[in-house]
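Visitor: The primary structure of each chain is shown beneath.
Protein chains: 2
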Amino acid sequence: MSAYSDRLDRLRATMKATGTDLVALGPSSHMIWLSGVSPHGDERPVLLLVSQDHAGFLMPALNADAARTATDLPFETWDDAEGPDAALARLLQAANIDGSPSVVIDETMRADFALLLLDALPGARRRFTVDTVGALRARKDTSEYDALKKSALLNDAAMRAGFEALRPGVTEREIATIVRDYYKAQGAAPEFTSVCFGANGAFPHHAVGDTKLAPGDAVLIDTGGRIDGYPSDMTRVGYLGSAPEGFADVHTVLESAVQAALAAARPGVRASDVDRAARDVIAKAGYGAYFLHRTGHGLGLDVHEPPYITGTSETVLEEGMVFSIEPGIYLPGKFGIRLEDIVILRADGPEILSGMPRAAVVAGNRDA
Amino acid sequence: MSAYSDRLDRLRATMKATGTDLVALGPSSHMIWLSGVSPHGDERPVLLLVSQDHAGFLMPALNADAARTATDLPFETWDDAEGPDAALARLLQAANIDGSPSVVIDETMRADFALLLLDALPGARRRFTVDTVGALRARKDTSEYDALKKSALLNDAAMRAGFEALRPGVTEREIATIVRDYYKAQGAAPEFTSVCFGANGAFPHHAVGDTKLAPGDAVLIDTGGRIDGYPSDMTRVGYLGSAPEGFADVHTVLESAVQAALAAARPGVRASDVDRAARDVIAKAGYGAYFLHRTGHGLGLDVHEPPYITGTSETVLEEGMVFSIEPGIYLPGKFGIRLEDIVILRADGPEILSGMPRAAVVAGNRDA
Numbered sequence: 001m002s003a004y005s006d007r008l009d010r011l012r013a014t015m016k017a018t019g020t021d022l023v024a025l026g027p028s029s030h031m032i033w034l035s036g037v038s039p040h041g042d043e044r045p046v047l048l049l050v051s052q053d054h055a056g057f058l059m060p061a062l063n064a065d066a067a068r069t070a071t072d073l074p075f076e077t078w079d080d081a082e083g084p085d086a087a088l089a090r091l092l093q094a095a096n097i098d099g100s101p102s103v104v105i106d107e108t109m110r111a112d113f114a115l116l117l118l119d120a121l122p123g124a125r126r127r128f129t130v131d132t133v134g135a136l137r138a139r140k141d142t143s144e145y146d147a148l149k150k151s152a153l154l155n156d157a158a159m160r161a162g163f164e165a166l167r168p169g170v171t172e173r174e175i176a177t178i179v180r181d182y183y184k185a186q187g188a189a190p191e192f193t194s195v196c197f198g199a200n201g202a203f204p205h206h207a208v209g210d211t212k213l214a215p216g217d218a219v220l221i222d223t224g225g226r227i228d229g230y231p232s233d234m235t236r237v238g239y240l241g242s243a244p245e246g247f248a249d250v251h252t253v254l255e256s257a258v259q260a261a262l263a264a265a266r267p268g269v270r271a272s273d274v275d276r277a278a279r280d281v282i283a284k285a286g287y288g289a290y291f292l293h294r295t296g297h298g299l300g301l302d303v304h305e306p307p308y309i310t311g312t313s314e315t316v317l318e319e320g321m322v323f324s325i326e327p328g329i330y331l332p333g334k335f336g337i338r339l340e341d342i343v344i345l346r347a348d349g350p351e352i353l354s355g356m357p358r359a360a361v362v363a364g365n366r367d368a
Numbered sequence: 369m370s371a372y373s374d375r376l377d378r379l380r381a382t383m384k385a386t387g388t389d390l391v392a393l394g395p396s397s398h399m400i401w402l403s404g405v406s407p408h409g410d411e412r413p414v415l416l417l418v419s420q421d422h423a424g425f426l427m428p429a430l431n432a433d434a435a436r437t438a439t440d441l442p443f444e445t446w447d448d449a450e451g452p453d454a455a456l457a458r459l460l461q462a463a464n465i466d467g468s469p470s471v472v473i474d475e476t477m478r479a480d481f482a483l484l485l486l487d488a489l490p491g492a493r494r495r496f497t498v499d500t501v502g503a504l505r506a507r508k509d510t511s512e513y514d515a516l517k518k519s520a521l522l523n524d525a526a527m528r529a530g531f532e533a534l535r536p537g538v539t540e541r542e543i544a545t546i547v548r549d550y551y552k553a554q555g556a557a558p559e560f561t562s563v564c565f566g567a568n569g570a571f572p573h574h575a576v577g578d579t580k581l582a583p584g585d586a587v588l589i590d591t592g593g594r595i596d597g598y599p600s601d602m603t604r605v606g607y608l609g610s611a612p613e614g615f616a617d618v619h620t621v622l623e624s625a626v627q628a629a630l631a632a633a634r635p636g637v638r639a640s641d642v643d644r645a646a647r648d649v650i651a652k653a654g655y656g657a658y659f660l661h662r663t664g665h666g667l668g669l670d671v672h673e674p675p676y677i678t679g680t681s682e683t684v685l686e687e688g689m690v691f692s693i694e695p696g697i698y699l700p701g702k703f704g705i706r707l708e709d710i711v712i713l714r715a716d717g718p719e720i721l722s723g724m725p726r727a728a729v730v731a732g733n734r735d736a
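Quick note, the sequences are listed as chains P and G, same order. Taken in order, the first sequence gives residues 1 to 368; the numbers are from the working numbering. Taken in order, the second sequence gives residues 369 to 736; the numbers are from the working numbering.
Hints listed in this document are in silico derivations from the structure and should not be mistaken for laboratory results. Each hint should be verified, as a subset may be incorrect.
Unchecked claim - Restricting the straight-line Cα-Cα distance to at most 25 Å, the calculated cross-link-like pairs of lysine to aspartate or glutamate (DMTMM-like) are: (1) P/Lys184 / G/Glu450; (2) G/Lys552 / P/Glu191; (3) P/Lys284 / G/Asp447; (4) P/Lys149 / G/Glu542; (5) G/Lys384 / G/Asp509; (6) G/Lys552 / P/Glu174; (7) P/Lys212 / G/Asp433; (8) G/Lys384 / G/Asp374; (9) G/Lys518 / G/Asp596; (10) P/Lys284 / P/Glu245; (11) G/Lys580 / P/Asp65; (12) P/Lys284 / G/Glu450; (13) P/Lys184 / G/Asp433; (14) G/Lys702 / P/Asp72; (15) G/Lys517 / P/Asp42; (16) G/Lys652 / P/Asp79; (17) G/Lys580 / G/Glu542; (18) P/Lys334 / G/Asp466; (19) G/Lys384 / P/Asp112; (20) P/Lys334 / G/Asp596; (21) P/Lys184 / P/Glu144; (22) P/Lys16 / G/Asp509; (23) P/Lys150 / P/Glu319; (24) G/Lys517 / G/Asp410; (25) G/Lys384 / G/Asp421.
Stated by the list, open to error - Between beta-carbon pairs, the in silico distance windows are: (26) G/Ala631 / P/Gly83: 55 to 61 Å; (27) P/Pro122 / G/Gly656: 35 to 41 Å; (28) G/Asp377 / P/Gln259: 53 to 59 Å.
Each residue gets a CB set at the ideal place from its N, CA and C atoms; glycine is no exception.
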């Protein structure tokens, strides 16, 4: 319980510093991070409310006993017949919240949970978690780094298993299954696996289909698993036999973009400067219109979490932050390439968690 | 596309009847039901807005090509650099929404998606989907019935596989794995599997742990899989060797409660009357304090959806509605029993989808 107690203390200090009266978390990784409670997720409102005076849950009565095994924080319970309103009123009273409080809302909770709370606090000023829970979660401690490193190294092996299985006629789905089974065999849970053959790679979020691999096709695999509560996320590319026209040129541009982002990422630098470093390389090479997304996202309990490495982010990078660097170029009808690594920001720059090179994997003749 | 076109027509008729100017759906089963679009779920706002004049998506640019393969509805796209505000303004203009519209919000969408929309419509009156999309989804058509029936019969077999594997020393987790593997072997996806031995059954939402089965323990299995897009959900109970003290009495009370609910459920009856029918049986038997939850929930694309069979529901049941009847009695430190069947309401009463009796399964000597 002491890790959670420490996090609660740090949250309350951050709430004071930001003038926040109340933090409201739904069933989410925010709640897990702060309390260890991972409630049954359904349409019954569950909230964890934190003020300087109180920290406690709004909890459906039928989940209370199970949740009790995970936390000592107090519950205000409600049942299906009475509904949550009275229990929420008791919880807000315990938290000593009235007037026009400044409230932080867990942006990931269901709309009806958030509106239940906001309707009970008509004068509230609201914002999301970015500068409170989000900021605290962005700087990883040693135990979180260890878990993320372990997850990344497992992911290297899962990625290699996927590329090693490439052969003419194999489908995206078959490769994804091999990758997912690899996680399971190692005691990890598959988190997501995108396998793109040929022109499918030009859809940045293509998942998997029954497309068969043919000689000369590009291959993109973006995959992550979860072990000990922490996920991985990495993208590598390759091709079967010979590279499609233009592939090597685009790969070289993206490798330069990754290097530029790595060189730019230092404590005290804005996230937008890291995005710009990668984006400028791609634009100068003439592919600016084909880089469709931000350069990166944070990684922790969630696969996507702060800090976001975007062109407009004001976030100042700090030591201990973990995020992806993943520039991509997507050529419709041809192929897409994305090179993605997860880094932890050290005092002197980023440390890449993966041990797998970003070079293109030539199926049947791998150089990785 | 014609199923979606028909649903859109029916939604617009319902919007007229309820005075609804705008329906806003997030990435959810509501969106799948109305459009077939199942977008990549992350923190980038995706909305499907429907008015009488327009139906279209707010869509992150990097997901647009993939989503385009699922729908012909128009997109207003946005990218990470500009953010979603301008695209949302264009979409609201296309939908011809201004002034103080009456807006239906998908209650399941992320809080930040809902607040993005509500902040753009400061005069809006809002409610959730219960009397629009929810009402339409509650009455299943023939294709949905066929899918739910197929899913229920598969679930019977998965349930039997779980009970057949009971033996002294086996853990809850091992039984859950057997059930889940059964779904997979049949081309279905495990949806949820709760296996409770002994006193764990007194936690209504206990999932699985490493508790080992001993002679005289009660066993509760609540499980569902998903095939062809539609889930199943059923609870059966049993015991190893001999029944714990009081088990047979509680089982008999619950069977009577199920029968009372089945007898009460008719088109035109309030959902609360069905809840009361089951609850009265349990209360008269002296177990009223141990029935901790509502009598049932709807089942369709979602495992939990309208209609909810609660003590306070004003919902009038209609032909074609599909819902669970699942009274339970939870005796702390002893055992819990819940008997759950899914029914479709026909003109003359409920038809149970499962073919498995609700009798207690005696492990090693099953009567089911």
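Visitor: Are the hints correct? Go through all of them and say.
Guide: Going down the list of hints, with the structure as the test:
1. P/Lys184 / G/Glu450: Distance ~39 Å between P/Lys184 and G/Glu450 Cα, so the pair is violated.
2. G/Lys552 / P/Glu191: 18 Å, holds
3. P/Lys284 / G/Asp447: Holds, because 20 Å separates the two Cα atoms, which is no more than 25 Å.
4. P/Lys149 / G/Glu542: 30 Å, violated
5. G/Lys384 / G/Asp509: 22 Å, holds
6. G/Lys552 / P/Glu174: 15 Å, holds
7. P/Lys212 / G/Asp433: 20 Å, holds
8. G/Lys384 / G/Asp374: 16 Å, holds
9. G/Lys518 / G/Asp596: 9 Å, holds
10. P/Lys284 / P/Glu245: 20 Å, holds
11. G/Lys580 / P/Asp65: Distance ~20 Å between G/Lys580 and P/Asp65 Cα, so the pair holds.
12. P/Lys284 / G/Glu450: Judged against 25 Å, a Cα distance of about 21 Å means the pair holds.
13. P/Lys184 / G/Asp433: Distance of about 31 Å is beyond 25 Å: violated.
14. G/Lys702 / P/Asp72: Answer holds: G/Lys702 to P/Asp72 is near 24 Å, not above 25 Å.
15. G/Lys517 / P/Asp42: 23 Å, holds
16. G/Lys652 / P/Asp79: With Cα atoms ~20 Å apart, G/Lys652 and P/Asp79 stay inside 25 Å; holds.
17. G/Lys580 / G/Glu542: Judged against 25 Å, a Cα distance of about 10 Å means the pair holds.
18. P/Lys334 / G/Asp466: Not satisfied, since the Cα-Cα distance of roughly 43 Å exceeds 25 Å.
19. G/Lys384 / P/Asp112: OK: G/Lys384 and P/Asp112 at ~24 Å, within 25 Å.
20. P/Lys334 / G/Asp596: 32 Å, violated
21. P/Lys184 / P/Glu144: 21 Å, holds
22. P/Lys16 / G/Asp509: Measuring from Cα to Cα gives roughly 55 Å; hence the hint is violated.
23. P/Lys150 / P/Glu319: 20 Å, holds
24. G/Lys517 / G/Asp410: 32 Å, violated
25. G/Lys384 / G/Asp421: Roughly 12 Å between the alpha carbons, so the hint for G/Lys384 and G/Asp421 holds.
26. G/Ala631 / P/Gly83: 55 to 61 Å: 27 Å, violated
27. P/Pro122 / G/Gly656: 35 to 41 Å: 37 Å, holds
28. G/Asp377 / P/Gln259: 53 to 59 Å: 54 Å Cβ-Cβ, so the 53 to 59 Å window holds.
In terms of the numbered hints stated before, the structure departs from hints 1, 4, 13, 18, 20, 22, 24, 26, listed from lowest to highest.
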